[in-house]
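Trainee: Counted the way UniProt numbering counts, the sequence shown spans residues 1 to 176.
Just so you know, the hints here were simulated from the structure itself, not pulled from any lab data. It cannot be assumed that every hint is accurate.
As the list claims (entries may be wrong) - Straight-line distance between alpha carbons at most 35 Å, and here's what the computed DSBU-like set of lysine-lysine pairs gives: (1) Lys65 / Lys4; (2) Lys65 / Lys91; (3) Lys128 / Lys165; (4) Lys4 / Lys91; (5) Lys128 / Lys4; (6) Lys14 / Lys65; (7) Lys165 / Lys65; (8) Lys14 / Lys166; (9) Lys3 / Lys14; (10) Lys4 / Lys174; (11) Lys128 / Lys174; (12) Lys91 / Lys166; (13) Lys4 / Lys166; (14) Lys166 / Lys65; (15) Lys3 / Lys65; (16) Lys128 / Lys166; (17) Lys166 / Lys3; (18) Lys91 / Lys3; (19) Lys128 / Lys65.
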Amino acid sequence: MKKKLDIVMGDLVKQEVEVIVNSSSTTLLEGGAVDSAIREVCGQEIEEECRSLNGCPIGQVKVTKAYNMTASQIIHTASPIWRGGFFNEEKLLAASYWNSLNTALELNATTIAFPSISTGTRNFPLEKASHIAVETIYNFLREYGDRMEMVYLVCYDSLTYESYKKAYLLYLNKSA
């Protein structure tokens with residue numbers, strides 16, 4: 001399979017993709033650093049559109065326009081809060097990635113950029129989250145890769161980048 005997953009350092013809101021993913025709360029009205037950065041770029045319009053969506057269950061997604069961004073749309077996923085792993089957090093995180101990718105295909109998008117979902121204010125362990133992200137994305141690409149051009153995992157700092165790169169290399173070695 002042609003390389004369709006890339007892990008990059010950067011600013012999610014500046015990615016030149018068709019769709020970006022926002023890690024949000026179930027209300028879709030507040031989140032962590034990624035959500036704040038998106039709202040800063042998009043302005044009041046995104047706040048109003050999110051309010052009209054009436055929330056979102058954890059692991060599921062809702063879509064808005066990407067006001068003032070290169071991307072055309074934003075997939076908002078209500079991401080799980082880490083509570084020790086006793087409340088299906090791992091399955092819910094995998095669902096956030098899978099449902100975001102599936103929705104991107106429904107939108108006919110071929111490029112998508114993800115942040116490190118749930119690893120900031122939601123306290124998901126970074127190493128665990130990076131493995132879930134990489135494995136879920138690759139499982140999705142195995143099934144639907146012919147319809148997806150490129151998936152980016154956009155890391156905001158070197159610690160996050162190194163964790164995702166390590167998970168990526170481990171996955172490649174495991175599946176070889």
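Trainee: Look at each hint and say if it fits the structure.
Mentor: Against the structure, the hints come out as follows:
For the suggested pair lysine 65 and lysine 4, the alpha carbons sit about 25 Å apart, so the restraint of at most 35 Å is met. Proposed proximity of lysine 65 and lysine 91 is supported: the alpha carbons are some 27 Å apart, at most 35 Å. Distance restraint check for lysine 128 and lysine 165: the Cα-Cα separation of roughly 13 Å lies within the 35 Å cut-off, and the hinted pair is therefore satisfied. Between the alpha carbons of lysine 4 and lysine 91 the distance comes to roughly 23 Å, so the proposed pair stays at or under 35 Å and holds.
A distance of roughly 22 Å separates the Cα atoms of lysine 128 and lysine 4; the hinted pair therefore holds under the 35 Å criterion. The hinted pair formed by lysine 14 and lysine 65 meets the criterion: a straight-line CA distance of about 15 Å does not exceed 35 Å. At most 35 Å may separate the alpha-carbon atoms for a hinted pair to count; lysine 165 and lysine 65 meet this at roughly 30 Å. Annotation: proposed proximity of lysine 14 to lysine 166 holds, straight-line Cα distance about 24 Å (limit 35 Å).
Note on lysine 3 and lysine 14: the hinted pairing holds, with a Cα-Cα distance of about 22 Å set against a maximum of 35 Å. Of the pairs offered as hints, the one joining lysine 4 and lysine 174 holds, with about 17 Å between alpha carbons and a cut-off of 35 Å not exceeded. The straight-line distance between the Cα atoms of lysine 128 and lysine 174 is roughly 16 Å, inside the 35 Å bound, and the hint therefore holds. The straight-line distance between the Cα atoms of lysine 91 and lysine 166 is roughly 21 Å, inside the 35 Å bound, and the hint therefore holds.
Restraint check for lysine 4 and lysine 166: satisfied, since their Cα atoms lie roughly 17 Å apart, inside the 35 Å limit. This hinted pair checks out: lysine 166 and lysine 65 have alpha carbons roughly 33 Å apart, not beyond 35 Å. About 28 Å separates the Cα atoms of lysine 3 and lysine 65, which keeps this hinted pair within 35 Å; it holds. A hinted pair counts as satisfied when its Cα atoms are at most 35 Å apart, and lysine 128 with lysine 166 qualifies at roughly 11 Å.
For the hint linking lysine 166 to lysine 3, the alpha-carbon distance of about 16 Å falls within 35 Å, and the restraint holds. Pair hint lysine 91 plus lysine 3 holds up; C-alpha atoms about 25 Å apart against a cutoff of 35 Å. Straight-line distance between C-alpha atoms of lysine 128 and lysine 65 comes to about 31 Å, which keeps the hinted pair within the 35 Å bound.
The earlier numbered hints are all upheld by this structure, with none contradicted.
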